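Place chain H on chain Z using the hints.
Going down the list, the sequences are from chains Z and H.
In terms of this note's numbering, the first sequence has 101 at position 101, counting the first letter as 1, and numbering is strictly consecutive.
Plus 1000 on top of the position in the second sequence (first one is 1) and you've got this note's numbering.
For the record, the hints were derived by calculation from the structure and aren't laboratory data.
Small disclaimer: the values here were computed from a predicted structure and weren't measured.
A couple of the hints might just be wrong.
[What the hints assert, rightly or not] Which bits of chain Z does chain H cover? Going by a derived footprint, with three or more residues having C-beta under 8 Å, they are:
id	segment
1	182-191
2	202-213
[As the list claims (entries may be wrong)] Going by beta-carbon spacing under 10 Å, a handful of chain Z positions derived as facing chain H:
id	residue
3	SER194
4	ARG195
5	GLY197
6	ALA198
Note that beta-carbon positions come from the ideal geometry of N, C-alpha and C, so glycine has one too.
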Amino acid sequence: MRTRTREKYQSANKLAHSKATALLRYVALVAALLFSLAPVYWMLTISLKTEVEQFASPPPWFVFTPTLEHYYDAFVARGFGDYLLTSAIVAVASTACALIIGTLAAYALARFELPWRLNRRLSLWILSTRMFPAIVTAVPLFLMMRDLRLLNTRASLIIVYTGFNLPFVVWMMRGFFADLPRDLEEAALVDGDSRLGALVRVVLPLVTPGLAATAVFCLIVSWNEFLFALVLTQTDAAMTLPVGIAGRVTQYEIKWGVMSAAASVAIIPILVFALSVQKYLVRGLSMGAVKG
Amino acid sequence: MGIEFRNVNKTYGDNCVVDDLSLTIDDGEFIVLLGPSGCGKTTTLRMLAGLESVTSGDISIDGERVNDVPTQHRDLAMVFQSYALYPHMTIAENIGYPLRVRKLDKPERAARVQRVAAMLEIETLLDRKPRQLSGGERQRVALARAIVREPRAYLMDEPLSNLDARLRVQMRGELKRLQHQLRTTTIYVTHDQAEAMTLASRVAVMKKGRLQQFDAPMNIYNHPVNRFVAEFVGSPSMNFIEGSQLTIGIRPEHIQVLSQPQDGAIPATVYVTEQMGNETFVFLTVGTNRLIARAPADFRAADESRVWITISKDKTHFFDPVSGEKRATDNTDWIRILSVSSAA
Chain Z
1 MRTRTREKYQ
11 SANKLAHSKA
21 TALLRYVALV
31 AALLFSLAPV
41 YWMLTISLKT
51 EVEQFASPPP
61 WFVFTPTLEH
71 YYDAFVARGF
81 GDYLLTSAIV
91 AVASTACALI
101 IGTLAAYALA
111 RFELPWRLNR
121 RLSLWILSTR
131 MFPAIVTAVP
141 LFLMMRDLRL
151 LNTRASLIIV
161 YTGFNLPFVV
171 WMMRGFFADL
181 PRDLEEAALV
191 DGDSRLGALV
201 RVVLPLVTPG
211 LAATAVFCLI
221 VSWNEFLFAL
231 VLTQTDAAMT
241 LPVGIAGRVT
251 QYEIKWGVMS
261 AAASVAIIPI
271 LVFALSVQKY
281 LVRGLSMGAV
291 KG
Chain H
1001 MGIEFRNVNK
1011 TYGDNCVVDD
1021 LSLTIDDGEF
1031 IVLLGPSGCG
1041 KTTTLRMLAG
1051 LESVTSGDIS
1061 IDGERVNDVP
1071 TQHRDLAMVF
1081 QSYALYPHMT
1091 IAENIGYPLR
1101 VRKLDKPERA
1111 ARVQRVAAML
1121 EIETLLDRKP
1131 RQLSGGERQR
1141 VALARAIVRE
1151 PRAYLMDEPL
1161 SNLDARLRVQ
1171 MRGELKRLQH
1181 QLRTTTIYVT
1191 HDQAEAMTLA
1201 SRVAVMKKGR
1211 LQQFDAPMNI
1221 YNHPVNRFVA
1231 EFVGSPSMNF
1241 IEGSQLTIGI
1251 RPEHIQVLSQ
1261 PQDGAIPATV
1271 YVTEQMGNET
1281 FVFLTVGTNR
1291 LIARAPADFR
1301 AADESRVWIT
1311 ISKDKTHFFD
1321 PVSGEKRATD
1331 NTDWIRILSV
1341 SSAA
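This is chain Z alone, in the form it adopts within the complex (with noise of 0.2 Å):
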């Protein structure tokens, strides 16, 4: 009886503990949250005050007059659809670049035995590329982009990001293919398909997830990348989203509204993305982690 009796006290306890284990998690659920999620709120209901209501102290956080003139004054007044179809074209581009040089080379550092180690070699010196500070290679790059008369295209940047993302494209992708098991593509191969035909119809469509997450971080920092964009383009013609909303802040003004219309419209594209591949992206980042 007593040890029955000791038994209920204990699951009851044990019960305790894990409405308090739960409730706490929560709690740091929440707090997670709102410290990530509070600056978008704000930046989003800014975009959408006027000019008064932005300023008024206390601010009225929850109850307010909503207003698209600040989106208007962007997109319609203001040249942001050009920034930010330009953003598009580069973010795009690059990855894809990144993505198709970096497959290839990673498949070649995971395959194919190079003289001198040179597949440690290689691999080590390609990510050697992303130990200095960015700023080392703004000037240079200038520099090189003034002579091949490149300042001010899009062009430029595409070059330049491809190159920014290809290590971390090559270092993803290597560790996928790495995880194969080779004989996949051995028996490819005696089947009597090319090299480049077992990549492309065997080994690619086993590290979908891990492509597809490779890509997501690729577009997140070509998207949000804002130095070289600075740096390479003064004009119109290719200034990007992040470049576009800096210069808001002028001698005169900041235009608060207009900046956070037009980054909340910023956000879209990548969120959009992001979810639409998310099924590969949590495999992705847990590939190897358990061999399946």
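Here is chain H on its own, set in the frame of chain Z:
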């Protein structure tokens, strides 16, 4: 014609994996490369497939030197130990893959896939994915992918080793039957001597990268060229009696166990008996030697009981105790060795 290895070597750094291998395989033969793990048999197969480079020597197929021909142009088909089915393709797509890369049109492809699927009784699986199949079914799909076209040879790398015992024996029979129907040169790698004995037209026994013997299974069994081959082929293994001048090899079925003394019989003690159902293995102690004998199914003897053995004298083998090479010897000699060791 056929396949020829001429003085082929394969080294990784200082490690010699295949050592001066010369082998001529005739058209339509079923060759088994047999040996323990690490003997170079899989490397040999992979060199033939073009998946490993050849360090020195020549490999030719139908008289054409293929050393520098890339895998995809060698026109071979291979069944991998892991089956290597493409996980993202259906079974039909898996089997049709070799035809797809050869740009056969779709109806022709479908017809041929259907034909081999019927041959291997896997028609009902064609729309499934490999992960939905059992081991035996995957094995058939791998086989179907190999035979869907007519390659110059089939290469098989331990294709049955991932199956359970019953299925393995069944597939073994089907493989043999299939090869008789197709008459395509087949090179088959295994460490299982029973597979080698049952499947091969000729067996190549390898050890540490060197070819030991290349002959018909029954010749390998009855006339092994050295102690390694004698020991590796046959189950239970051949008995060896070590003398200072000579090692004597006797197969278990050539030792007759008697419960009564008989003229010329040697006394022995029963260590243990194993009843297999159709026969009985008798483990014996003769002097300092341990021997295994095959006895009829109804043979019974208690542990430590005294029995007598006779040995079929014309079926014994003699090996050099140092090199292990086969030696021809006068019959009187070894009886003395055996009686000396049994007296001890």
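Cross-check of the supplied hints:
1. For the segment 182-191 of chain Z, the stated coverage by chain H holds: 8 residues have a C-beta nearer than 8 Å to a C-beta of that chain, and at least 3 were required.
2. With 3 residues having a beta carbon nearer than 8 Å to a beta carbon of chain H, the segment 202-213 of chain Z meets the requirement of three or more and the stated coverage holds.
3. This hint holds: SER194(Z) has a C-beta 6 Å from the nearest C-beta of chain H, less than the 10 Å allowed.
4. Look at ARG195(Z): its Cβ gets to within about 8 Å of chain H, closer than 10 Å, so that hint holds up.
5. This hint holds: GLY197(Z) has a C-beta 6 Å from the nearest C-beta of chain H, less than the 10 Å allowed.
6. Because the beta carbon of ALA198(Z) sits about 9 Å from the nearest beta carbon in chain H, less than 10 Å, this interface hint is met.
Figure legend: structure checked against the earlier numbered hints; every hint is met.
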